[in-house]
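There are 4 protein chains.
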Amino acid sequence: MKKMNVAIIGDKFMGKAHSNAWKQAGYFFDLPIQPVLKVACGRNAEQLKEFAQRWGWEEVETDWRKVVGRKDIDIVDVSTPTYLHHDIVIAAAKAGKHIYCEKPTAVSYQEAKEMYQAVKAAKGKHYINFNYRRCPAIQLAKRLIDEGKLGRIYHWRGAYLQSWIMDPAFPLTWHLRKETAGAGPQYDLGSHNVDLARFLVGEVKSVMAMTAHFITERPLPDESVARTFQAGSKGTEKGKVGVEDAAFMTLEFENGALGAVESTRFAGGRKNYNYFEVYGSKGSILFDMERMNELEYFSMEDPDYAQGFRTILATEPVHAYVANWWPPGHAIGYEHEHVHAVVDFLKAVDSDKEMTPNLYDGMKVMQVLDAGLESARTGKKVALKDME
Amino acid sequence: MKKMNVAIIGDKFMGKAHSNAWKQAGYFFDLPIQPVLKVACGRNAEQLKEFAQRWGWEEVETDWRKVVGRKDIDIVDVSTPTYLHHDIVIAAAKAGKHIYCEKPTAVSYQEAKEMYQAVKAAKGKHYINFNYRRCPAIQLAKRLIDEGKLGRIYHWRGAYLQSWIMDPAFPLTWHLRKETAGAGPQYDLGSHNVDLARFLVGEVKSVMAMTAHFITERPLPDESVARTFQAGSKGTEKGKVGVEDAAFMTLEFENGALGAVESTRFAGGRKNYNYFEVYGSKGSILFDMERMNELEYFSMEDPDYAQGFRTILATEPVHAYVANWWPPGHAIGYEHEHVHAVVDFLKAVDSDKEMTPNLYDGMKVMQVLDAGLESARTGKKVALKDME
Amino acid sequence: MKKMNVAIIGDKFMGKAHSNAWKQAGYFFDLPIQPVLKVACGRNAEQLKEFAQRWGWEEVETDWRKVVGRKDIDIVDVSTPTYLHHDIVIAAAKAGKHIYCEKPTAVSYQEAKEMYQAVKAAKGKHYINFNYRRCPAIQLAKRLIDEGKLGRIYHWRGAYLQSWIMDPAFPLTWHLRKETAGAGPQYDLGSHNVDLARFLVGEVKSVMAMTAHFITERPLPDESVARTFQAGSKGTEKGKVGVEDAAFMTLEFENGALGAVESTRFAGGRKNYNYFEVYGSKGSILFDMERMNELEYFSMEDPDYAQGFRTILATEPVHAYVANWWPPGHAIGYEHEHVHAVVDFLKAVDSDKEMTPNLYDGMKVMQVLDAGLESARTGKKVALKDME
Amino acid sequence: MKKMNVAIIGDKFMGKAHSNAWKQAGYFFDLPIQPVLKVACGRNAEQLKEFAQRWGWEEVETDWRKVVGRKDIDIVDVSTPTYLHHDIVIAAAKAGKHIYCEKPTAVSYQEAKEMYQAVKAAKGKHYINFNYRRCPAIQLAKRLIDEGKLGRIYHWRGAYLQSWIMDPAFPLTWHLRKETAGAGPQYDLGSHNVDLARFLVGEVKSVMAMTAHFITERPLPDESVARTFQAGSKGTEKGKVGVEDAAFMTLEFENGALGAVESTRFAGGRKNYNYFEVYGSKGSILFDMERMNELEYFSMEDPDYAQGFRTILATEPVHAYVANWWPPGHAIGYEHEHVHAVVDFLKAVDSDKEMTPNLYDGMKVMQVLDAGLESARTGKKVALKDME
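Residue numbers (the working numbering), protein chains in the order written: chain H, 1 to 388; chain W, 1 to 388; chain Z, 1 to 388; chain A, 1 to 388.
Next comes chain H alone, as it looks inside the complex:
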């Protein structure tokens, strides 16, 4: 089988999720290309070494520029904090690599545009990891919409709610600084939700938004703690939170649909609640990532006395990707979406076809998100065409 060498940049949460995906893909799916876990890149040499050993990355390297510059690397997997995406992606594009890039795309729409220009001018394939698209239940949502089962779309009611920083003692990690994250939940969470809105409903025309800042100072983090979601702080020193804590947007779509995307990290009880409702003239669908194996579907074409939201357990062989895993009713989990992305990415690379979502989508999502931030700043509706 054809082989390709992969370099991963980033050895934290996403480094782990991606490493697992590169590993697992071949066990469950027939791949056209065998990915070779060639080199892992991270800043902390000790942590990096342990990471590489655990996941079987053959080599380690602490300078991402060297990694991107290597002739023997075919695929660059960008799993770093957001602020590094821009430079790495552009360098990798220029070096002719295939690019597998974590979201959010960049720390601004401007950066994302530059990234897209770079990959457009290059020959490698590029993918932006809006992994939720590859959840079987969301693939089913797409199928129902594409088949016309929802008719004309009237509404997108999206929300991505979490609660992991509600404790004021949670430290000022890179996610909470403007220079490293670009924005708060508007980027981190909203990017996923807006991507799904574009995937399922279509392009956005204009937005209005409000943001909130609940906790303005936080203790500085103890950088020696590796895990994002259990981060410790190193003392009493505090720094200013540079990003919003919540952002609520309303959206007009090109096709006339009216929507909402509400992102917050201050929704107690919500852990990874990436949620949406789509309402159309013939039917409706609901999805909650915390119950990721399920899709709710209401059909106005059912008999009038027997209409209701049906909870479809998207674990049948007819559902996307499922036949390669387990029998009906045997749930898959979060990581499987990453595996599916790797499978499709390798197929796209092999067949020289565009992969979606790619950095074009990544750029368009950033445009919506930055329009929202501008609206929150100015108190005015922002039309996307005025941003180009």
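There may be inaccurate statements among the hints.
Note: identical chains are not told apart, hence a pair may lie in one copy or across any two.
Below, a list of computed lysine to any residue pairs in the SDA-like style, where the Cα atoms sit at most 25 angstroms apart [said to hold, decoys possible]: (1) K347 <-> E50; (2) K49 <-> R198; (3) K282 <-> G242; (4) K205 <-> A122; (5) K353 <-> L31; (6) K123 <-> D167; (7) K142 <-> G333; (8) K49 <-> N324; (9) K3 <-> L286; (10) K149 <-> G96; (11) K94 <-> D350; (12) K113 <-> H213; (13) K380 <-> G56; (14) K282 <-> P219; (15) K2 <-> P32; (16) K149 <-> D167; (17) K282 <-> D188; (18) K238 <-> D222; (19) K142 <-> P219; (20) K66 <-> L48; (21) K142 <-> E58; (22) K149 <-> P328; (23) K205 <-> T216; (24) K49 <-> P32; (25) K66 <-> P168; (26) K120 <-> E147; (27) K178 <-> W164; (28) K380 <-> L84; (29) K23 <-> S206.
Just so you know, the hints here were simulated from the structure itself, not pulled from any lab data.
Only a predicted model underlies this, so the values are computations on that prediction, with no experimental measurement involved.
Chain H is fixed; fit chains W, Z and A onto it per the hints.
Relative to chain H, chains W, Z and A alone:
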């Protein structure tokens, strides 16, 4: 027992709901005042007669001014289409009546202000029928918040979704004309949701909103059909829809909370989905009127390994109003909220205390709603203080 | 309109539920006969008087024999504790009355047989109040089954779970004595569930059962406390619990289906959980009385990628009884089932047709329940034909 | 790190699930022993070779006796159809191997006893793969019970419902023959549910049961089709189904609790519905394997106005195994339970401690199941002590 004579104006859906409430209240609750169903008022003499006979209204009258002018009437129950509220309420206030008024308050904030001025200057008690406040599960929500169980409130995520006019053949009833309804779901549905937001979170500071118009023309209605929700049309002649089909708002509250209120009549599968989520620093609550006997509550003070949204069946004797009905687990329905309102209204009248929500609340809700409509029109954030 | 005089015997929980039903029926439905609330009968003269006054019963009487013997009484409503049903029903049958009898039928299958013999020989109509049959969602279940939407029935999984006597301090009310109640949850709860099994699946052929006795002694009750579900005890004196605390049955149906009916008063968190699942070759349905406005329905005839349990909100005009109440999504409650029963009973009386369920059904249910108790006693499967 | 050689016998559904577990364990957990995938054993040489290649098993072998006899094998993983477990386990025990055995234990209680005798006399560790015990939500159930949060246990309401053979055209695979499977859902599904009942409630004292046979003949299978759940048939020839289609049991536990275990393959809409409810004097829990990341918990110690079943998303770092996977709210799937079992098995082997559940548990479960089958055959209650 003290008796008071009630006059009802309006003999359709709300006339029925209110008549039942005046009847039922005394069977299940100990009332300080016995309401006497004195006179029913409606426009269609034949329908009115049948209505009065069924519900035991002693007399009928087709001119509301005569009813309001009667000396023997103590309480005026305003159950008409919205556009009549203004004149009836002001006349009833001037005549010294106690006023029990259906929502939405009026066809504009301006009218609502005038109504409030009138009742403020009068001696009668006044109530605006945001009946959902008197759902036991919502009373429980209020209790949890008042006890501090939610801590500082961060978010209101409200929605009121219905689907009864999705069929383009649904006729142009009074609900769909600007002159009779004032607005579409922004008023009809949003008024309930905004009332609950004010009840549970507090005053609104500013809003942004977008509206949508999906179906712009509809067949003219057959006025001889009494029932709103099964209205028939009389032919092929069409008229222009004068109100929005959907309105999505974001809200800043005085206390810093960030919120949303989404109202639409184009959400297939949603029948009477008056829904909200409240997130605070210590806990969260969720409510769905389609499961009106339940409240979901998440406490961040539960042990870390045993936290979760609990579905409280608000049918225990400790829950508001419930001890007067049935044993635990025996659901009550929509109409019971109206009964509770009548009970509390008669108590307020008897004890000469203010009833809430009253026409002040009705006015404040209209202010928020009109601010939303203005924002949708201008594309700008609207501060409520700029409207006074 | 034709009028008929009603006498009610029993002034506690069921007296209240039935009184309300006699009152409400005419407001929402067009009745062929107007029920006149003639006389109320109870043992405690003071409580009875207050009860009659509240509900508008014209007269009171403490001796049920006198009531049954009155010429002017057309309908006898038997709302007493179970042990009195036998004598009252037989006397009422002999006196030619129409009989509206609360469940469970009697304190033994033997008694129930005698009651059925008596009504069969008499001319009056008779009804046994398995009220849940008249829940719109259960009527929908029946419709789906009758239309063949479930195909051949394989399973009934029934349960009726409550928790109101879990506190060992709950007193020894009549429900917990063999002489007054006949049995525990096997009768009180199981009777409802078995009635629904017969209604939806068919006749039972044989049963096996186990019972449990968790709390064997309880404080004696304070008889002056009227309310069953908040009963107080009068001191430290205790008496022996005479009935089972839980009964779990398995059942073979005549049509080959295999079933279960599990009844207990020791299921914390379950308040009025009258629950069933029916599985057939083409579809399945689920029902939970705590969400009585909903029915879940799974159709194996939906497309293979879009099958799921749909939650049907049985509040549409097409659903049984609903058009007479409120618009879609506006829930009805427990008491409405009693109203529906009164409506249908008066129609049956007026048209001289059999009402179902009647005392034949009451008898058949008792046969199943007693077969279960015998099985629990003997450790053997009991065939119903061996009991006749 | 210490290494041990693993031999797997069986290359179908369970061969895949186990292979994945042996692979994945080391990536996410720190193992005391590194498992080496030494040899895979299966009957069809071609399929076996493909299987071994995919999963990285170093060698292949079609004779299980040779595998068990190899000196270099430390661990024998028995993933075959049930009827082979007995001979393989006894041979592996005699050869001093550590045994990792799929469920159900054997084709009879008698066989299971012999297997347990063999492992008891041997030095190797042994594990029976009731994998659901290692679902984090079920570990949480165990924790709550062990901490006394449920108090005295009153009830186990268990069910394991599937639907994969409802189509009469589904062929007569080994699962449907008595000689290869021993029994139908009573063994396949009931074994899991009874294991959880023993794990969470305690030992069973006596049982009653009924079984049903809905489809008595089926087409013979096409043995060349590898996948159980999408099996094809080879033509029109039919054979007799040798096992029950459904088995409904009631159970008395040693501690006085009353329970039920209902197993069927004829419950449309249920895919892998391994379900239970546990009711105790202080609280209740509910679990559904189709929502395996959730546990519902009702505490009678919550304030009386705020009690309800809470849906605990068992994806927090404090929940068993979770800290090694993903952040809160990021679901794990079915296969993860197998990974957890491998981790704990290797720890038990390394520390020379008993692993649970083991073949003693496997035997005890078989005793309950065979008691159920005997009860269904004889129509009598069967006490477990009479079976020893």
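Here's how the hints hold up against the structure:
no.: 1; hint: K347 <-> E50; result: between (30 angstroms within a copy, 21 angstroms between copies)
no.: 2; hint: K49 <-> R198; result: neither (39 angstroms within a copy, 44 angstroms between copies)
no.: 3; hint: K282 <-> G242; result: between (44 angstroms within a copy, 24 angstroms between copies)
no.: 4; hint: K205 <-> A122; result: neither (29 angstroms within a copy, 50 angstroms between copies)
no.: 5; hint: K353 <-> L31; result: within (15 angstroms within a copy, 41 angstroms between copies)
no.: 6; hint: K123 <-> D167; result: neither (46 angstroms within a copy, 50 angstroms between copies)
no.: 7; hint: K142 <-> G333; result: both (20 angstroms within a copy, 23 angstroms between copies)
no.: 8; hint: K49 <-> N324; result: between (33 angstroms within a copy, 18 angstroms between copies)
no.: 9; hint: K3 <-> L286; result: neither (40 angstroms within a copy, 48 angstroms between copies)
no.: 10; hint: K149 <-> G96; result: neither (41 angstroms within a copy, 57 angstroms between copies)
no.: 11; hint: K94 <-> D350; result: within (20 angstroms within a copy, 51 angstroms between copies)
no.: 12; hint: K113 <-> H213; result: neither (28 angstroms within a copy, 33 angstroms between copies)
no.: 13; hint: K380 <-> G56; result: neither (51 angstroms within a copy, 55 angstroms between copies)
no.: 14; hint: K282 <-> P219; result: between (51 angstroms within a copy, 21 angstroms between copies)
no.: 15; hint: K2 <-> P32; result: within (7 angstroms within a copy, 35 angstroms between copies)
no.: 16; hint: K149 <-> D167; result: between (43 angstroms within a copy, 16 angstroms between copies)
no.: 17; hint: K282 <-> D188; result: between (32 angstroms within a copy, 24 angstroms between copies)
no.: 18; hint: K238 <-> D222; result: within (12 angstroms within a copy, 64 angstroms between copies)
no.: 19; hint: K142 <-> P219; result: neither (43 angstroms within a copy, 34 angstroms between copies)
no.: 20; hint: K66 <-> L48; result: within (16 angstroms within a copy, 43 angstroms between copies)
no.: 21; hint: K142 <-> E58; result: neither (39 angstroms within a copy, 42 angstroms between copies)
no.: 22; hint: K149 <-> P328; result: both (24 angstroms within a copy, 23 angstroms between copies)
no.: 23; hint: K205 <-> T216; result: between (32 angstroms within a copy, 21 angstroms between copies)
no.: 24; hint: K49 <-> P32; result: between (30 angstroms within a copy, 20 angstroms between copies)
no.: 25; hint: K66 <-> P168; result: neither (39 angstroms within a copy, 62 angstroms between copies)
no.: 26; hint: K120 <-> E147; result: neither (31 angstroms within a copy, 58 angstroms between copies)
no.: 27; hint: K178 <-> W164; result: within (18 angstroms within a copy, 46 angstroms between copies)
no.: 28; hint: K380 <-> L84; result: neither (31 angstroms within a copy, 35 angstroms between copies)
no.: 29; hint: K23 <-> S206; result: neither (41 angstroms within a copy, 49 angstroms between copies)
The structure does not agree with the numbered hints 2, 4, 6, 9, 10, 12, 13, 19, 21, 25, 26, 28 and 29 stated previously, though it agrees with the rest.
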